[in-house]
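These protein sequences, in sequence, are chains X and S.
Be aware that the first sequence starts at 1, since it is given in the numbering used here, and climbs by one per residue.
Be aware that the second sequence starts at 1, since it is given in the numbering used here, and climbs by one per residue.
In short, the hints are calculated from the structure, not lab data.
Note that beta-carbon positions come from the ideal geometry of N, C-alpha and C, so glycine has one too.
Hints are supplied without guarantee of correctness; some may be wrong.
Stated by the list, open to error - In silico DSS-like links for lysine-lysine, alpha-carbon gap of 30 Å or less:
id : chain 1 : residue 1 : chain 2 : residue 2
1  : X       : K80       : S       : K298
2  : X       : K80       : S       : K323
3  : X       : K113      : S       : K323
4  : X       : K80       : S       : K517
5  : X       : K110      : X       : K65
6  : X       : K65       : S       : K218
7  : X       : K159      : S       : K323
8  : S       : K218      : X       : K80
What the hints assert, rightly or not - Partial chain S-side listing against chain X, Cβ under 7 Å, derived:
id : residue
9  : S204
10 : L205
11 : E207
12 : A208
13 : L210
14 : M225
15 : P226
16 : I227
17 : G334
18 : A337
Next come the chains, spelled out residue by residue.
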Amino acid sequence: MSRIILEHVTKRFGDYAAVNDLSLEIESGAFFSLLGPSGCGKTTTMRLIAGLETADEGRILIDDKVVFDAADSTVVPPGKRGIGMVFQNYALWPHMTVRENILFGLAVRKIEKADQEERLRRVLSRLQISELVDRYPSELSGGQQQRIALARELVTGAKVLLMDEPLSNLDAKLRIDMRVELKQLHEETGATVIYVTHDQIEALTLSSTMAVMKLGVMQQNAAPSEVFAKPTNLFVAQFMGHTPMNILPATIQGNSMQIPGGSLPRAASSASCADGSQILIGARPEELLLGTTQDERSISVRVESILPMGYDSLVRVSVEGAELTIAADERTRTVDVGDDCFVTFDDTQLHCFDAETHERLG
Amino acid sequence: MNLSMRRVRNRLSTFAHSPQNWLAWIFLLVFGYLIIVPVGNMIWSTFHIQSGDARRAGGAVGDFTMFYWERVFASGQLSARLLYEPLMNTLFVSITYTIIAMIIGLSLAWLMVKTDMPFKRFTGFCAIVPYIVPSWTLALAWLTVFGNSQVGIGAAGVVETLLGRPTPNWLAYGPIPIISVLAINFFAFAYLLGAAALATVDASLEEAALIHGASNRKVIRKITMPILLPAIGSAAILTFASGLGTFGVPAFLGLPVRYNVLATSLYQSAAIGRYGEAFVFTMVLVTISASAIILNSKLIGKRKQFTTMEGKGSRQRVLKLGKWRKPVGFLVAGVMAIVTFMPIIFLVLQTFQFHLGQYSLDNFTLAYWIGERDGLRGILVDPRVRAAAVNTLWLGISVGLGTAFVGILIGYSVSRNRGRPIAKVVEQMSFIPYVIPGIAFGAIFLSMFAQPRGPIPVLYGTMTIIFIACLVNRLPFASRMGISAMMQVGRSLEESAEVHGASFPRRITRIMFPLTKRGFMGGFILSFVSTVKDINLVILLVTPQTMVLAALTFGYIELGRRQFADAIGVVIIVLVLGCTLIAQWLTKTNPLQGFGGGNS
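Bound conformation, chain X alone (with noise of 0.2 Å):
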């Protein structure tokens, strides 16, 4: 129905290729995230489909029809790309009341005068904002700016929703409520959703399929616990998680690996490796367990500091010059500042990388 498809597609600026050879299908009905850190070239993804940028290179489909291809020069305007667009400003016309921004996009179309005012009554009552009909967006707060965005670009019908940060300037508290309005409102819609975020909290939280993205290159697209469970690379296994995957250089040794402060069995994941090769293992804070007993999967370790967070602390602790960061149970922790103690790993849990190219090994 609403797949959208991405050939081979280039953007340059300049010398700079902000999207580099980019290929990607998304499903119909998908809730598709494009996650990244800032200038990865995520939002200008966004705005090739939505025909706000023209590529240099490759094809884009929506729906199965051609909106953009280099070869032939064929590029469909974005007012004709089946699209609506959140702004990450919310883009709300200054000069028009909350039913003039809401009606625009109808009144352009030139759907009749009482269809208009019976969808404009649908959609504020689903957003629960009837009662901001006749106000300026200036008189609004920033959640309801957000929901008139929403609305503008609901009252439309467009199967395909584009999202540009859309939560990035709400409060906290709001932004939690939104996230769940999201989803139920991609529930209910069923359309495509595309949805770009720095947050991967909402990209995990929100999406069906997510994409992460570093200096325009992808680097990996699949379900969000995918992407958690098993990061393609170092870039998105450190990208993503609360606190960052804690790396150490470890050297393969027959059926064990060196690390610093001792050895570990060798890991499943590690087995193309040679004998004698170096690799980089890497574990979640989540993933390492805390105690004061030793076995083969533990290393000794010193205590520096402890940084409660209710549940759950951050406990940082130091081995041979490298450090590690452990999330331990608050209520069964029982090691202090400066205490001599174990961390014990988890060997089947452990993500192991080429040193050199930083690719995921297994």
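Following the hints, put chain S in place on chain X, whose structure we already have.
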């Protein structure tokens, strides 16, 4: 009893220890005496017989009379000549130059902000030069180019020399030259306001409409233009009000053919001692100017104002000019360069011409700079000019320092009293001078201080009155500069010094001043510049002993000694351009926006 005594004492002590409070009250009193009282006094004067008018008005000096108002407004032919003709001329000239300046200024703003036209830096620099140089030097330059030998003491300009026959009078003097010169002078003002407004229209507003299927033309018509319209209207009104009371340009280009505007009528009445009439003209001028400014503040009332003048940089949709890019860039840069540099070049050339308008080497002379001609010594060796230069520098520096200093203190008391009525009153009072054109200001101060007022002696004929008039005239600028500087510093920096036990003078000198140094220096230089180049405000207040350079040129022009006036014009242009560039560099901003726009 004891309790209430203590409460009063506590209140007093709190008051004494909060400088923002007593500063605000001091400003209230001083502004009242230097703004409200003089205006009231002038209005009173128009209804009472002035000294010397007893016989004409048929009563005793000081008696109530409608003589002046009747004479100006309801005396048939006389009123037509005195008021209605100059009034119509003023409106015609002001409205026309405003329209032209807006068209040029806004087109330039659009090209600079919304297209990928090349040479923007150069063009932008050129565009503001005619706005920095005094408008009366542009009038002098106009005469060097288009002047003819037909009228009175006129001499051939470049065009007449080239064509071999006199340029027509309408091109040399009267409304067309006045309109042209003011349009050249003010288009940069419209450009700066327009560019600031355009820059605040974020691209996403236009893109959102594109997504909804609007065509490019529809986006401009339904989105961009309506958002800009209030700002454009406001820019037009401010442009109109800024040039309404200009004296120098119509004096140099209009008077030789008896083309009068209100400013010149006002001056002529005052010059022959008819102060009653002059004050009525002043009232008319102030009324028009104030109406325009009030209309403007109504127009930019809350809901209708969509753009902010202190625009945050936003993303722009830049129109690609494609193959037109280079030609448009060259054309615009070229026109701007000509408009900017040609007048100055011809002005400089003329100062070396023994006979006006003869462009040949044997006509070259240094007489007007370091020599002598017909009993008048060159401006660099004439003690009168030197005295005027000393006066000018003294005035410029003291007004500059005064503006910056008062501005910081106003900023301090207003920003620290934010939200309280007194802050609003002080701020608004400091903006009143903005609605009073310069020459009207001179008249108001003349009416106030031409006679002793209580303990204050007659100030007319002293540098003090000129200093006070210039300072009060600069108050809107000072206040705006000071308030924004103080808002930027924020309260906590000062409060932490207070916690450490620093006294108010110490906090001002050690904390607030160092932090606002750049703004202070910028404010000082810009006030210095506008004082040095001003002729409108001082023309009614100067006497031979308190002559300043800009006003001196008027005397030379009346004698038909244009080269002397040109030479002084060149000196002031150099001074003014240099200082403005320094201020720009110091404040790292575009200081010009503080020039005209006094209302925040």
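Handout entry: Minimum beta-carbon distance criterion (7 Å), S/L205 to chain X
Key = Holds, about 5 Å.
Practice task
Verify the interface restraint on S/M225: the C-beta must sit less than 7 Å from at least one C-beta of chain X.
Solution key: violated, 10 Å
Practice task
Closer than 7 Å between Cβ atoms is the bar; does S/A208 clear it against chain X? Give me holds or violated.
Solution key: holds, 4 Å
Problem - Hint validity - S/P226 Cβ closer than 7 Å to any chain X Cβ - result: For S/P226, the interface hint holds, since the closest Cβ of chain X sits about 5 Å away, which is under 7 Å.
Practice task
Under 7 Å, Cβ to Cβ, is where S/G334 needs to be relative to chain X, so tell me if that hint holds or is violated.
Solution key: violated, 28 Å
Practice task
Assess, step by step, whether the Cα of X/K80 is no farther than 30 Å from the Cα of S/K517, and give holds or violated.
Solution key: Roughly 55 Å separates the two Cα atoms, so the pair is violated.
Practice task
Mind checking the CB of S/S204 against every CB in chain X and telling me if the closest is under 7 Å?
Solution key: Holds - the Cβ of S/S204 comes within 7 Å of chain X, reaching about 4 Å at its closest.
Handout entry: chain X contact restraint on S/I227 - CB to CB distance below 7 Å
Key = holds, 5 Å
Handout entry: Given hint S/A337 near chain X, where the shortest CB pair must fall under 7 Å
Key = Hint violated; S/A337 Cβ to chain X Cβ min 29 Å, cut 7 Å.
Problem - Given hint S/L210 near chain X, where the shortest CB pair must fall under 7 Å - result: holds, 5 Å
Handout entry: Proposed proximity, X/K80 with S/K218 (alpha carbon, max 30 Å)
Key = Within the cut-off at roughly 15 Å; holds.
Problem - Restraint check, 7 Å cut-off on beta carbons, for S/E207 near chain X - result: Given a least distance of 5 Å, the restraint on S/E207 holds.
Checked against the numbered hints listed earlier, the structure breaks hints 1, 3, 4, 7, 14, 17 and 18; every other hint is satisfied.
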